[in-house]
Amino acid sequence: KQEVTQIPAALSVPEGENLVLNCSFTDSAIYNLQWFRQDPGKGLTSLLLIQSSQREQTSGRLNASLDKSSGRSTLYIAASQPGDSATYLCAALGDSNYQLIWGAGTKLIIKP
Amino acid sequence: KAGVTQTPRYLIKTRGQQVTLSCSPISGHRSVSWYQQTPGQGLQFLFEYFSETQRNKGNFPGRFSGRQFSNSRSEMNVSTLELGDSALYLCPSSLAGGGQETQYFGPGTRLLVL
Numbered sequence: 001k002q003e004v005t006q007i008p009a010a011l012s013v014p015e016g017e018n019l020v021l022n023c024s025f026t027d028s029a030i031y032n033l034q035w036f037r038q039d040p041g042k043g044l045t046s047l048l049l050i051q052s053s054q055r056e057q058t059s060g061r062l063n064a065s066l067d068k069s070s071g072r073s074t075l076y077i078a079a080s081q082p083g084d085s086a087t088y089l090c091a092a093l094g095d096s097n098y099q100l101i102w103g104a105g106t107k108l109i110i111k112p
Numbered sequence: 113k114a115g116v117t118q119t120p121r122y123l124i125k126t127r128g129q130q131v132t133l134s135c136s137p138i139s140g141h142r143s144v145s146w147y148q149q150t151p152g153q154g155l156q157f158l159f160e161y162f163s164e165t166q167r168n169k170g171n172f173p174g175r176f177s178g179r180q181f182s183n184s185r186s187e188m189n190v191s192t193l194e195l196g197d198s199a200l201y202l203c204p205s206s207l208a209g210g211g212q213e214t215q216y217f218g219p220g221t222r223l224l225v226l
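Chains as they are written, first to last, in the working numbering: chain A, 1 to 112; chain B, 113 to 226.
Check the hints yourself; a few may be wrong.
[Said to hold, decoys possible] Computed, partial: chain A to chain B, Cβ under 10 Å: (1) ILE7; (2) ALA10; (3) SER28; (4) ALA29; (5) TYR31; (6) GLN38; (7) GLY43; (8) SER46; (9) GLN51; (10) SER53; (11) ILE101.
Bear in mind the hints are in silico, worked out from the structure with no lab data behind them.
Built from N, CA and C at the ideal position, the CB exists for glycine as well.
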């Protein structure tokens with residue numbers, strides 16, 4: 001049974017710093033790995049989707065990597081800004097049941 | 113293009129009642145999924161509909177049911193509400209679904225069961 005873990009649960013960093021959010025999964029049989037952000041009182045926004053055959057995806061200041069062999073994905077945020085403050089969730093799509101299994105999220109606070 | 117719309121945004125019910133939540137996907141999207149989000153369990157998959165057919169189902173009791181109409185709008189019904197059903201319910205939509213492509217989320221419906 002797939003389990004997705006995000007550590008730490010919360011992170012606070014000064015504005016301008018580069019940071020890495022971690023996501024680990026127990027079953028490497030995934031179709032893709034997805035990163036989302038959730039702002040308070042709002043739904044989720046898709047950030048990056050990495051197919052199982054890919055090693056990384058980039059969008060602006062965001063870069064997500066995937067290492068299936070170690071069961072890890074990282075989300076790198078460059079030059080963090082207060083607007084990056086949100087909860088970041090990762091989710092792994094199983095390649096057999098096509099159900100997204102979600103991590104509990106990392107709450108990120110960027111201090112001005 | 114309008115985003116995913118969910119109605120109502122907030123809902124208060126009492127135990128034993130039933131509730132119906134509505135979801136209008138982005139125009140052209142044929143897949144609608146439903147998720148329950150709670151502080152304790154996080155996001156959990158309920159079911160996915162594509163072209164009016166339930167294509168995938170999570171591990172929720174039969175009190176949770178859904179349907180999709182020919183215009184891709186979807187409804188989720190929860191009968192005999194329990195306190196533990198209090199949650200944020202989200203219904204992302206996508207073109208083809210199956211979790212294989214970007215999903216677009218609306219703000220969700222926050223249900224409180226008293």
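* Which numbered hints are broken by the structure, listed smallest first? -> 1, 2, 3, 4, 10
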